[in-house]
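Place chain A on chain S using the hints.
Number of protein chains: 2
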Amino acid sequence: MTAQANKPYVIGIDMGGTNTVFGIVDARGIVITSDSIKTRKHSNINDYIDELHTELTRLMRSVDAEDKIYGIGIGAPNANFFTGMIEDGVNLPWPTPVPFAQLVSDKFGIPVAITNDANAAAIGEMTYGAARGLKDFIMITLGTGVGSGIVVNGQVLYGHDGFAGELGHIIVKRSNGRLCGCGRTGCLETYCSATGVACTAREFLEIRANEPSLLRDIQIEDITSKDVYDAAMAGDQLAKDVFEYTGTILGEALADFTVFSAPEAFILFGGLAKSGDLLMKPLVRAMEKNMLSIWKNKVKVLQSELKEADAAILGASALGWEAKFK
Amino acid sequence: MTAQANKPYVIGIDMGGTNTVFGIVDARGIVITSDSIKTRKHSNINDYIDELHTELTRLMRSVDAEDKIYGIGIGAPNANFFTGMIEDGVNLPWPTPVPFAQLVSDKFGIPVAITNDANAAAIGEMTYGAARGLKDFIMITLGTGVGSGIVVNGQVLYGHDGFAGELGHIIVKRSNGRLCGCGRTGCLETYCSATGVACTAREFLEIRANEPSLLRDIQIEDITSKDVYDAAMAGDQLAKDVFEYTGTILGEALADFTVFSAPEAFILFGGLAKSGDLLMKPLVRAMEKNMLSIWKNKVKVLQSELKEADAAILGASALGWEAKFK
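Going down the list, the protein sequences come from chains S and A.
Okay, so the first sequence: first residue is 61 according to my numbering, each after it adds one.
Okay, so the second sequence: first residue is 61 according to my numbering, each after it adds one.
Next comes chain S alone, as it looks inside the complex (with noise of 0.2 Å):
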């Protein structure tokens, strides 16, 4: 407690492929300032850090947080919280696996903690969103791809080896289903994702050729889920359709799921789940169709509460609580 209450701050920081952003956050979940640098920048993670640890001293002094930070949290793609590593980084410049946890550690001269980008959105989101007060929930992000953090009895399920909770890699179709960049094919994400949700609209447009669409003012390969978000917004049937589809196959994703850990609440997260009634109205319907009559109308599905340019931040912060030495 004489710790915490000595040094009141966590740091957060959120590995992209493109962007990683990092903030400085008080224990009530507020990023008092923050900032990012391109991840892509350097080709040797050493300089990498150097200048994360520059920017992030700069933020440190400009609120006089220096020797104030309990630790810092760090969401980033295939981390593994057991070991502190990264892996393997698809977008990452740098050779993986490595010891990115132990690495930030060495230079801030602070315990860090690292996991996944879902797990970190999870306990973000039961530290300080949607998810307070719930012990058995699972965070659903709908990105790029389709990820996945399981809270169990108020802790995060790593499984074995640190790697459970990869659900947008459960096969929804067993024959011909789309190639997944796992290398398997009909993966959960291939469909829920934003990608699947342009795949979805491109494929649609031409099984129903003859249709008009608003979405054919777009070059089919430019297609985006926003687009396919905006046509359906302005009454687009096609592009209703594609919602239709999506949400279906990931209610009925959602209804296999509660099977497995009884969660009391999903919570989605990311720029899919803001599509509103679009996306939930076939989302619910299809996963109380498909759901074990215990949990029928039992279990919610919830919207990510958490600011979207802070979402990130605070996820990761939040994990800098549970940071320690090695």
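Hints listed in this document are in silico derivations from the structure and should not be mistaken for laboratory results.
Any given hint might turn out to be false.
Pairs involving identical chains hold if they fit within one copy or between any two copies, as the list cannot separate such chains.
Lysine-lysine pairs mimicking BS3-like chemistry, simulated, CA-CA at most 25 Å apart [claimed, not checked]:
no., residue 1, residue 2
1, LYS195, LYS386
2, LYS286, LYS167
3, LYS233, LYS356
4, LYS384, LYS195
5, LYS286, LYS101
Predicted model only: the values in this text are computed from it and were never measured.
Structure of chain A alone, referenced to chain S:
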């Protein structure tokens, strides 16, 4: 420690749809004495508990274990660890829900813990069997249905309401799936249980009407999974194909379960689990083929190490060490 030294035994009770088996077990997992009664003999639950008490008192006296029982553990269908209730007794002659743990505790004056049979099996395996030393594993029971007990970080995953781990009700066929006892279609247990194996055999016999098979010597509605096993072991191609089909579906499902909780191992229990290579070869082949790359060739599939006759009592009894007065 003193309490446990003075009370070196636990009672395990496994309530099945037909028989209730029970025994007195020591801390090393030796079933010192055991017996059984008919589950459905009494239409009043108090009469059933009275008979249990009479029989167990006799057993305790026979081994001088009165006043030496640390706790009673019970495995029962649809039993809830959190509430101590049997919530839904499909095959039971008394009205449910019923506060079974409390009733037994009141009668015996001994603390009682209760859970469903698959969770009890998982605890038994962790305490005395193939899962000793494992903190993250999934128990799959292949019986009339398919049950599961999920262990995460050394604890059974109960979920928000106590009913987590109903993996027999994951949907494996989204269209034209078999009707399940739960009222939905396409559940894993309609394919990979003993009942499912017999059903697959009947389907194959119809579809492949011109193919000779040893199974044609049996009345089609009387075929059991044991008949299919015997035919397959005698070289019958159709029967072998039934196991190929069953193992493939189960293997695909285990690959999906892995992305959820990243277990170190699956442990298979029940009659079907003893089918040897007939089931295991297609199962492991399908599991590895469908496994996300980070887990390929890393997740073990083990057989239960508990003696069939003792397993139900042992699994339930292991929970007795966790029992506390409410």
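Each hint, compared with the structure:
With identical chains, the CA atoms of LYS195 and LYS386 are at most 25 Å apart between copies only, with a shortest distance of 22 Å across copies and 27 Å within one. In this homomeric assembly, LYS286 and LYS167 never come within 25 Å of each other (Cα to Cα): the closest approach is 40 Å inside a single copy and 64 Å across copies. Within a single copy, LYS233 and LYS356 get their C-alpha atoms as close as 24 Å, and across copies as close as 20 Å, so both meet the 25 Å cut-off. For the identical chains of this complex, LYS384 and LYS195 are neighbours both inside a copy (23 Å) and across copies (23 Å), given an alpha-carbon limit of 25 Å.
In this assembly of identical chains, LYS286 and LYS101 lie within 25 Å of each other by CA distance neither inside one copy nor across copies; the values are 28 Å within and 64 Å between.
The structure fails to meet hints 2 and 5 from the earlier list, while all remaining hints are met.
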